[in-house]
Every structure is written in structure tokens, then in C-alpha cells.
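Chains as they are written, first to last, in this note's numbering: chain A, 39 to 355; chain B, 364 to 1058.
Read the hints as simulated data drawn from the structure, not as lab findings.
One or more of the hints may lead you astray.
Here are the computed distance ranges between Cβ atoms for each label pair [said to hold, decoys possible]:
id, chain 1, residue 1, chain 2, residue 2, range
1, A, N323, B, G525, 28 to 36 Å
2, B, K838, A, P125, 53 to 61 Å
3, A, E240, B, F637, 57 to 65 Å
4, A, N323, B, S966, 48 to 56 Å
5, B, R493, A, E184, 55 to 63 Å
All figures in this text were calculated on a predicted structure; none of them were measured in a lab.
No residue lacks a Cβ here, since even glycine has one placed at the ideal position from N, Cα and C.
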Amino acid sequence: MLDFRRNKREISAAVAYLVLLAAVGGVAPSFFGAGNLGDLVINNAPFLLIAIGMTLVILLGEIDISVGSQFAVASVLAGVLAKAGVPVPLLFVAMIMIGTAMGAVNGFLVGRFGLPSIIVTLAMLVAWRDGLRWVTEGAWVQGLPENFQWFGLGQSGGQLVIVAIPLLVFVVFAWALRNLRIGRAIYAVGSDAEAARLAGIEPKSITFGVFALMGGLVGLAALLNAVRFNEIPSNAGIGMELKAVAAVVVGGAAITGGRGKLPGTLVGVALLGTIATALTFVGINPFWEKAIQGLIILAALVGDVVMRKYEERSAEG
Amino acid sequence: MENVGEQRELRTELPLAARWFPNNEWVLIAVLLVEVVLFSVSGANFLSAANGFEISRLAVEIGLLALVMTPIIITGGIDLSVGSMMGLSAVVMGALWRDAHLPLPLAILITLLVGVGGGYLNAAIITKLRFPPLIVTLGTFSLFRGIAEGLTRGIENYSGFGENYLFLGQGYLFDVIPTQLLIFVPATVAIYWMLERTAFGRSLYAIGYSAEGARYAGIKVRRSLTVIYTLSGFVSSLAAVIYVAHLGQAKSDAGTGYELMAITAVVLGGASIFGGRGTILGTVLGLFAIVILQNGLRLSGLPAELAGIMTGFLLIVVILFDRYSKSASAAPAGADTEEEFEVKNSQVGIISAAIILTGLIIAGSNWMLVRSIRDNGSAGSSEAKNAVQNTGTGKKAVIAMMPKAKGDPYFISCKKGADEAAKELGIELLWDGPTDLDPAKQNEVVEAWITRGVDAIAVSVENKEAISTVLKKAKDKGIKVVTWDADSNKDARDFLINQATPQGIGETLTDEASRIMGGKGEFAIVTASLSAANQNEWIKYIKQRLTEKYPEMKLVAIQPSDGDRDRAFTETQNILKVYPNVKVVMGIAAPAVPGIAEAVKQSGRNDVKVTGLSLPNMCKPYIKDGIVDSIVLWNTVDLGYLSVYAADALVNGKLKKGDKTFEAGRLKSIEVVDDEVRLGKPFIFNKENVDNFDF
Chain A
39 MLDFRRNKRE ISAAVAYLVL LAAVGGVAPS FFGAGNLGDL VINNAPFLLI
89 AIGMTLVILL GEIDISVGSQ FAVASVLAGV LAKAGVPVPL LFVAMIMIGT
139 AMGAVNGFLV GRFGLPSIIV TLAMLVAWRD GLRWVTEGAW VQGLPENFQW
189 FGLGQSGGQL VIVAIPLLVF VVFAWALRNL RIGRAIYAVG SDAEAARLAG
239 IEPKSITFGV FALMGGLVGL AALLNAVRFN EIPSNAGIGM ELKAVAAVVV
289 GGAAITGGRG KLPGTLVGVA LLGTIATALT FVGINPFWEK AIQGLIILAA
339 LVGDVVMRKY EERSAEG
Chain B
364 MENVGEQREL RTELPLAARW FPNNEWVLIA VLLVEVVLFS VSGANFLSAA
414 NGFEISRLAV EIGLLALVMT PIIITGGIDL SVGSMMGLSA VVMGALWRDA
464 HLPLPLAILI TLLVGVGGGY LNAAIITKLR FPPLIVTLGT FSLFRGIAEG
514 LTRGIENYSG FGENYLFLGQ GYLFDVIPTQ LLIFVPATVA IYWMLERTAF
564 GRSLYAIGYS AEGARYAGIK VRRSLTVIYT LSGFVSSLAA VIYVAHLGQA
614 KSDAGTGYEL MAITAVVLGG ASIFGGRGTI LGTVLGLFAI VILQNGLRLS
664 GLPAELAGIM TGFLLIVVIL FDRYSKSASA APAGADTEEE FEVKNSQVGI
714 ISAAIILTGL IIAGSNWMLV RSIRDNGSAG SSEAKNAVQN TGTGKKAVIA
764 MMPKAKGDPY FISCKKGADE AAKELGIELL WDGPTDLDPA KQNEVVEAWI
814 TRGVDAIAVS VENKEAISTV LKKAKDKGIK VVTWDADSNK DARDFLINQA
864 TPQGIGETLT DEASRIMGGK GEFAIVTASL SAANQNEWIK YIKQRLTEKY
914 PEMKLVAIQP SDGDRDRAFT ETQNILKVYP NVKVVMGIAA PAVPGIAEAV
964 KQSGRNDVKV TGLSLPNMCK PYIKDGIVDS IVLWNTVDLG YLSVYAADAL
1014 VNGKLKKGDK TFEAGRLKSI EVVDDEVRLG KPFIFNKENV DNFDF
């Protein structure tokens, strides 16, 4: 598994992350307090689900910038359903279904009609967000039932669920992407859709499926995020789409499709999820956060050039 | 190249429509016609020359970005960094002019060079390192905005520019033509000429078809791309210069979200995101399709959120149409069969029809509604009679009221009171504003109201400098202007409905924190965004109060929440760990306080208390838990109520300069001092009284 040649992008990202951690730890050792690491994991766990979905979408050579808006819609719906008395297990099913339905709209337009995903999801980004504003007029969902927060399992029990589900999903998807026919088919379509079609894969169905799956993961993430609180705001998820794309790219995936691995995405999520907290611990002014985020993305690109040079040289040699 | 030449030859043999509109621009013209017809029926004064020019003024900044985005998209690229470049340019210009004391023309010149530099950075990474533009410009999208925020610490707001410069963004030539059209129109012609009348322009199409093919045909692909990305940076800076003149202020948040608007205009205009196709005519039509939609909805008194939903649908319809017509004109590709085209054709038709129908229904129902209200008026229902008596003119007074942001729970509670007052007075209340904090949008809405013709305008001002010019314009047209919640320049309005001064808020917040902490120790603040004008003013007074009265209290951190509850939660978790001695965390944005409270609750730190400025309903559970000790606010419902009453009294002449009191419905007699109507002091909500309020 740790064959450097095959995993050099993922390993490099991980090394970069470790260097960052070491630097932060050197300045502020309290960063490694158990409490802080725990909080970091819990706060970023729901977002991991979205990054997993985004990895699949990007592997196809597509993009989905509507996830932030979908996330807001799903969060509010989770609250509305919980208030209507839907029990917790059913809530999971309902949220995955609602998310899948939203994703399927993208999937239908991109897969069936072959429309460019960036435009389709740009349209849905605006439409879902403004639709939600229109309906809620910005009001929060309040007065949720007692057992909504932490699924009624108490704080530590709830936190366990919030971390366990994304990790489980991660393991299953990482395995499936490597080992199942359908997983390899995603790579095939992302590399060359026409060749994949000739090889007996249906790119249209794969595309539709991946976008629907993306939606389902967003629905699940929205639910897991919502139960950390006892009120639900209606403006969640603004800017989430770009953060997800950035996490995937920093993790070594090619935005043009066909190349990328889920462990890389995990590192990307960890890296982007740690920066804000690390800045506070090190004592750097939060004004610089966006600039540093931009630099990390550009640094990942430069790193990729180095990899490419290395690849070319080893191909020659 | 060959491909392009072939197409040109073909074009001469094509029917007239295809020759005139090579890229199906007629679809957009149809859309525009439908919009114009619908809105001239439903919108007041929509179809007037003044409104036409006003629309074009609002389109200039996004229009410029869309113009330079067109060649980029034609080559199959994209530039997400244009909006952020506007922010960076605005800040650089402001700093050079105010802090470095450079003459303004020189500051502008250097700013434009910064734009060139930023554009070239994009170009260099894209062409030299061979990366997809999407991801490169995603990086610079963060980087440029981040530098702008870092340089100004988010706080700086450069204003006070000279009249001559402001004329560029606010003035009129011959009393009707907005000045910035003098830049926009030549820019449009220049880019049109470059793209569609020069060999260089044709080479961009060739690159879009096939970069590899273009290279073999002798086109210098890298050089061409470098030119257009650099041009994009330059024009973004130019747009920023106009934007600053338009609003009279330069801040790091200039142009936020403009990149998506520009891309939407270009794609709506028929450019293919895969490259190879697109025209300037299309882009301009796409731009106006969006801008007219927003303006028309405003003038019709329809929710502005509809604009987003309809733009989304329009986008999809246009690319569906595009896909169909492309497949039909080219030789059938691969898997697609003739039959499938027919299906697609009818589907496209159905969707288009559905959207136009929806538009018709909405506009129609609105029209019916307006009619029915008018009929009621003449029939003399009791409510309408009230209105007649109140206004004394026999016509329903129309009061237009604007929050800083529509979706903010704080303003929703204000609206509750405003609606109540409107009902009591029997007046028509228009409630509209930006969906997110956006000073440019506020101006746009006021402009629309002036065009529509309202009796009074009541604004919660996001940005003093920016809005004062338009408010003055409204006053000149005989519209009564009041400000509420936050003030404009004094000469731009008749009265201020004052709920509390920034100083009063800052001091009350500090006093509360001091009371909880016993006058000494460390505390931290979680604010809205780092560039939020109000919050920064409060913080200024908090700091002032600390030095004057509480030297033993120490403000250890100010962290941003961006108005996002979840972000406030994370920031508080960090604060609690990095500054373990913090005794109080103060939230000064309504959604931040519940986030802070939840973080404190989950940390199990019973020694830390929360206070701040928020809404009672949002914090109720935490106030009852004892985590939130108290929150400071005024009665927001009463604020909305009072604002409408004051505006109405102003229209009727019941409230004049020099009055000492005036009667405001259930609030009884209200104190008036000079040109301020006073609601009273900030109120402190705590465990004992929070149940008495519902907002």
C-alpha cells in the first residue's frame, strides 16, 4: 500500500500535513491536547462525507458546485421532519433520499442530456439557495424535539455516531473504488468516456449515479451536522462547494478526471479543516486565513508539477 | 483554423436568422422580449428611458467582467478570480490614495497595474505549469481576497473620494446617461472587435475547438492565453475602479460573488463552457436578461429570490437549447439518433413553455392582486377607508422599507412589527433588500423604488457613503426618507429612527461583560465577518470603554464567524482552548451567540459565561440553561413598527422637524430629538424576562 511511486501525490500531501502539524505543535503544544484533536475530528467528520462525494464527481471529470446549497436545504428539511415527529432511524433514510433526489436532478441533466456539470450545478446552486430563502425568509428551525440533538444518545454517544458514520462510509467507498467493477468504471469514464462506453460501461448511468450519490452524501452530512446543535439555521453551507473541491485537489486528484484516491481526499479534508484552528493556536491573525488557503491550493499545484517532472523522468529512465 | 473557415463559408448560405444570430442569440432576444412585456404590465414605470439607463448603470461592473470572461470561456477556460481581484484592487487603490497620499489618477494607474499583475499570475500558472484554469483561479480566488482582507485587517473602509472621481460612478451626462457607460460601451466594442474581427480573436475560437490542433496550425496558444487572462485581471481592476466610484467606498468585500454572475451572463449568452463558441452580442444579451429580470421583479414588488430561481432555470434551458441545436447542425455524433433529437426538442420546448408560463402566472397573479386591492379601495372596505383617512389623499400610501439583509433573523423580527403597523395604518408596505450584506444591492433597490414611485423609503443602512447619494436623489424627487437601525449621512434623510447609538451598544455590552466578570479578567469577542462595518464600530466603542472604565478587563481575541452559527461554534472551541482564562465570550452577531453558547455548553466549562447581541428566541434555550447570562438588544419588533409609523406620519405631515413627540400607535407617545425619533435604550434580556418576548 505504501508504494511511493503509486501513491506519491497522497503521500506528499500527508507529509505536508505532518510538517504543518509539527510546526504548529512546536509553537503551541497545547494544539495536541486530546480535547482539541477530538473537536477537530468531530467538526470535520460531516464535511468528509461531502468531500468523498466530490472526489467521485471529480474522478468522473465533472464538478458539483451546488453542494453547499443542497446542504442548506437538507439541513432545514431535517429539522422540519424531526419537528413533525419522524423517528431517528427513519430520519436517516429520509435525509439520504431527499439528498439523492436533489443530486439526481443534477445527474439527470448532466448524465442524460450531457450538459456541462459546472453550468448545471451553478444553476442549481443559485436556485436551491434562493428557493430556500424564499420559503424560509431566513427563519431558523427552532423548538426541535428533545431527542434531536445527538439523536438522543447524549453528547459522547452522539459524537461517536457523527464520527463513526463518515469513517465507515470512507472505508467502504475507498475499498469499493479500488476493488469493485463499478468503482473502476468511474475511473474509466473519467479517463475516457468514449473508450469506457466501447468497453461496455454506460457513462450516462455512471454519471447519473455518481451525482445522485453525491446528493445522498450531502443529505447524510447535513443530518449529522445538524444534530450537533438544537437549532437549525437556514444559511448553512455557503462556500462549502469550493472548500470541497479544494480538499479533493489538495489531496492529489486531477480536476480533469480519472486520477485521484480517497485517502488523498482524507488528507485534504484534514489539511483544510485544521488551518483555521491552527492559526488561532499559533496566534496568526484570522485576516490571513483566506490568503493562506489560496496559497495551499497553489502550492498543491506546484507540488503536482514536481510529481509530473518526476514521472516523466522515471518514464524515460 | 480550417474548421472556423469552413463555418464562415457555410454561414453565407445559411438562412437569415443563422447569419444574424450565429449562436442562437434570438432565443435570448425572445427571453428579453418576454421579460420586457411581462414587466411593463406588472412593474410600475418599468418601461421608461430613465429606468433603462438605470438598469445599464447597474450592469456595468458585472458587464465588464462578463466581457472579458467571454474570450476566456471561448478558449475553454474560466476565471473564478475576477470578483476577488475587484476586492484586491479596491483596497489597493484606497490605500495608495489615502494612506500613501498619492494623487488619485496615479493610484488608479497603479491599481490597474496590480490587475495586470494578478491576471498575469493566473496566466503564468495556467500556461507555464499547464494547469486547468478552474483550479488555478480557484486558488487565486482565495488568494486575492485573502490578501485584500489581510492588508486591511478587514476593517479599513476608504471613503471621502473627490467629486470628480465619484462622478464616474454616480453622475449623468446630459442628465440621463450614466457616466460609466462611457467606459462600458467602448469596452464592449473593443472586445467585440478583438474577438470577432481580428485574426487573434479567431485564433481564440480555434484554441477552444482544439488547443492541440490550434498549435499545429501555427497559433501561439500560450501567448494567446496569456493575453486574455492578463486582460481579465486588468479589466477586473477597471471594474473595481468604477465600483468604488459608484459606491463611494473601497473595502475588501468589493465584488464578492461577481464571478458567478459574470459566468452566468456569458453562458446564458450562448457561449459553450467547453470552448469554441460564444459571441459578445450573446454575452451582452445574457447580461441584460439577468439584470432586467432582477429590476423587473423589484418594480413589480415580487420577491427578489425569484430572480435566482428563474436565472437557474433559464441557464439550464439555454444550455439544453444549445445542446439540441448544436447536435442538429453538426453531423449526428456517435450514439445519438435522430429520434432522440426529437424527444429532446420537445422536452426543451416543454421546459421553455413551463418557465414562460410560470412567469406569466406570477406576473398575472400579482397584477390581479394589485387590481383587487385597488378595487377594494374604490368599493370602500373598512381597511381601505382607514387608509383613505390616514393618507388624506384618497390613495394608499406606499412605504418601502429595506433591511440590511433579508434573510437575517434580526430583520425578520423587525419585519413583523412593520407588517403590524402597515396593517393598522392601511398602507402598502414593500419589504425588499439584499439577500446577503451587499452595499451595491442596497443602492440598486433604492433606485428601483425611485423609479417605481413610492411615498416614503425607510432604510437600514449598510454603508453610509454608498447610499447617501441615492437617498438624496430620492429626497429630490419628493420621496420622504427615513433611516432606521443604522444611519446614512444626515443630509440624505429626513429622520433617523434611533434604537441605540453604536456607542450606546458598545458601552452596554462592555458593562454587561464587566458585571458578569466582576470587572476584571480576560474575555473574547466573536464578531460577524471581519469586514462588517457595524460590528467594527461597536468594537471600537467597546475598546474605548475598556480603557476608560475597566482597565482590569482584557480583550484577548476577536474571531470572525461570517454570520455562520457553525463557524462561531468552532471559533469558540478554539478560544476556550487557546485562552483558558477567558471568563466571558461575547457574540456581537445574532447567529453567533447560539453557536458560542453551544460550544461552551459542550465543553462543560461552567465557569465561562456568554453574553452579546442577539435575538431572544434564538438564545432562549441557552438563557434558560444559564449558559447565556444575558443578551443586549432593543425590541426589534417595536423598531420595525415605529419605523413604519414614522414614515407614514412624515408622508401625512404629522411629523415635522421641530416636533418634540409624535403618536406611534400602540407605542403611544415617542420622543423626538432634533431629527431623531428615539425608541429608547438598549434592553437587557435575561432568564427572568426572556419568556415575555417572542422574536
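Verification of the supplied hints:
Between N323 (chain A) and G525 (chain B), the C-beta spacing of about 32 Å keeps the proposed range 28 to 36 Å intact. Between K838 (chain B) and P125 (chain A), the C-beta spacing of about 58 Å keeps the proposed range 53 to 61 Å intact. Distance hint for E240 (chain A) and F637 (chain B): a CB-CB separation of about 21 Å, inconsistent with the stated range 57 to 65 Å. At about 24 Å, the beta-carbon gap between N323 (chain A) and S966 (chain B) misses the expected band of 48 to 56 Å.
For R493 (chain B) and E184 (chain A), the hinted distance range of 55 to 63 Å is satisfied, since their beta carbons lie about 57 Å from each other.
Comparing the model with each numbered hint stated earlier shows that hints 3, 4 do not hold.
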